[in-house]
Amino acid sequence: MLLLVLKRILLGFITLFIVSLITFSGVEVLPGDACTTYLEREAYGAALEACYERLGLNTPAYERYISWAAGVLQGDFGYSLSGEMRINDVLGPRVKNSMVLASASILIGIPIALLLGIITALWRDKLPDIIISTITIFSMTIPEFISATLLILIVAIWLEWLPGIVIVPTGVSISELLPNIILPVIAISMIMTAHMARMVRSSVIQVMASDYVQMAILKGVPYWKMVFKHVLPNALLPAINVVALTIAWLLGGVVVTEVVFNYPGLGRLVIESISNRDLPVVQALAIILASIYVSINLIADLMTLMLNPRLKSLQIKK
Amino acid sequence: MTLEKEQKKNNLDKIFEVIKTMASKPSGLIGLSILLFHVILAITSPLYVPYDYKAIDPSLMLQAPSSEYWFGTDSLGRDVFTRTILGGRTALTVTFFGSLIALLWGGSLGIFCGLVGGKIDEVVMRIIDAFLSIPWILAMLLIVSLLGTTTLVLIPALGFFYGKGIVRVARAATHDVIAKDFIVSARARGHSNLSIIWNEILPNVRDAIMVEGAMRWSWMLLGFSSLSFLGFGVSPPTPDWGLMISNARGLMSFAYWAVLAPIFGLSSLIIGINLTADAFAKALGIDRSTKAPV
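Quick mapping for you: the protein sequence lines, in order, are chains A and Y. According to the working numbering, the first sequence is numbered sequentially starting from 1. According to the working numbering, the second sequence is numbered sequentially starting from 1.
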């Protein structure tokens, strides 16, 4: 058991190591580097040399990778290009803002998703299922920027209930931030809820068709007792992994949503740093987002392992 | 009739059979019709657009929908109807060829990994895992911002990033058939690996891979439009829904029509592709409802 956990953690680190290699060599291989983009047209002769000298780009790539990776391991991402700020200082408030947005969406989204998923599964192909499923499928398939734009148009412009975009400086406190995030949270949790509700639905339907549930029905176990004691514990377990993947997958979508609402989180930083060609920040973001993805998956794997005694003796393969 | 011709005829029959099954349910029929409508529109629209899509006229700025301008005009005085019916052409072309590339490389690498197994398989799957954990949008934005936003960059880049999920599906499908008797007997007959892949494995994993490819198509369309929306897709003045939404968004309190028209175009196409892909999966007997969107 312990060995299995350790192996999963080790695999996570290997994945992150490969990610760091990919991002580093990707930035290395693609045309243009930090100095040519920073100096733009003046990128020749002495100025270029001086810039290379200052940023240490003269040394071979593997040496730079080692010193960069050593820094990252100690939690130091080096300096950004524009403004020459420490990347840690740039990232800090952004990470916090995005965390607030993500946790609010997850806290709201998961209970609603569970409820909707169970309702649609128990009343399968009846009116509640048809209505809810149609809505969830719609909000799953429509791109984030469309649902967010429609939300702004309807709630902020036509109904004038809430402000349409977030106008706060990057470093505000959480209490100042909260009133501003209602619309972004609705936009994100709507899509997330839809995805998760679909997973829960199909998982519950599968369990309802299983032999032991049929057996319970034949034994005359009351319906709701059967649902809560036999169906849900077995149905929600496999959903954990899928929910984790969904959350991780939405990291990409959060970028777009943050841009639509002008929200000062990691997503907008992705766009800003790429527009400024601030490659050190892009590298740092890639590592951070990949770490979030890997750890969400790891937590989900471990949770399934803890909750399912049958798996403890088996080897989990991804 | 020769054997080969008969084979071809059978394949055609099977395709018709699948399409018939897809169209037999209302959701599949709706999906197919929407998709067909968009494809025909994309091919033929340049023949009958009422106005020039790039003609800027300040005197016509932000006109409300009228009999003359069905969907109104945008902030540069361009006809929104013209731009909307032209707006799917780039998206459809890029994502269609992108999906083909994704299918080809993802499918072949997946089958290869499933077949050889061992160390090579382990290494490739680690690398795929690593690529999966980098958000696609970050990688795409980086590539596009450094290499440019021409279709020649977008198609292979999207094809590459949406193919890695297919590798897994193809690999799993290959694993399912690899231990079956007919493969073992083909090996015993002394067939080469290539012949086994072509004649024994491919016919058995083709359905799973194609369903995955159809699903990727709709996700790729989503990804492509997001890039356009963020200003990293097609470059103006090319009409494109994502770009149109992003441009008209700032003024939507005055001119909501300039936003709603492209939103309608893009949403209907994505829903059409999704319904078609679902019906396709069901017609081939593959259940995708339990899978995560990775």
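These are calculated hints, taken from the structure and not from any lab test. In this text, a Cβ means the ideal position worked out from N, Cα and C, and glycines have one as well. Wrong hints could be hidden among the right ones.
[Said to hold, decoys possible] Derived pair list, reagent style EDC-like, types lysine to aspartate or glutamate, alpha-carbon separation capped at 16 Å:
# : chain 1 : residue 1 : chain 2 : residue 2
1 : Y       : K180      : Y       : E200
2 : A       : K7        : Y       : E200
3 : Y       : K25       : A       : E176
4 : A       : K96       : A       : E28
[What the hints assert, rightly or not] Far from chain Y, by Cβ distances over 10 Å, these chain A residues were calculated:
#  : residue
5  : I18
6  : P60
7  : W68
8  : P128
9  : F138
10 : T141
11 : V155
12 : I174
13 : E176
14 : A209
15 : V270
Hint check results:
1. Y:K180 with Y:E200: Status holds; Cα separation ~10 Å.
2. A:K7 with Y:E200: violated (36 Å)
3. Y:K25 with A:E176: violated (51 Å)
4. A:K96 with A:E28: It is violated: about 30 Å lies between the C-alpha atoms, which goes past 16 Å.
5. I18: Violated: least Cβ distance 4 Å, not greater than 10 Å.
6. P60: Per Cβ check, P60 of chain A is outside 10 Å of chain Y; nearest 22 Å; holds.
7. W68: With a cut-off of 10 Å, W68 of chain A remains clear of chain Y, as the shortest Cβ separation is near 17 Å.
8. P128: Consistent with the label, P128 of chain A stays out of reach of chain Y, its closest Cβ about 18 Å off (over 10 Å).
9. F138: Non-interface label on F138 of chain A violated, nearest chain Y Cβ at 7 Å vs cutoff 10 Å.
10. T141: Label violated. Min Cβ-Cβ 5 Å, cutoff 10 Å.
11. V155: holds (13 Å)
12. I174: Non-interface label stands for I174 of chain A: nearest chain Y Cβ at 25 Å, farther than 10 Å.
13. E176: Nearest chain Y Cβ is 25 Å from E176 of chain A, so the label holds.
14. A209: Holds, since 12 Å exceeds 10 Å.
15. V270: Given a closest Cβ separation of 6 Å, the condition is violated.
In summary, the numbered hints that this structure violates are 2, 3, 4, 5, 9, 10, 15.
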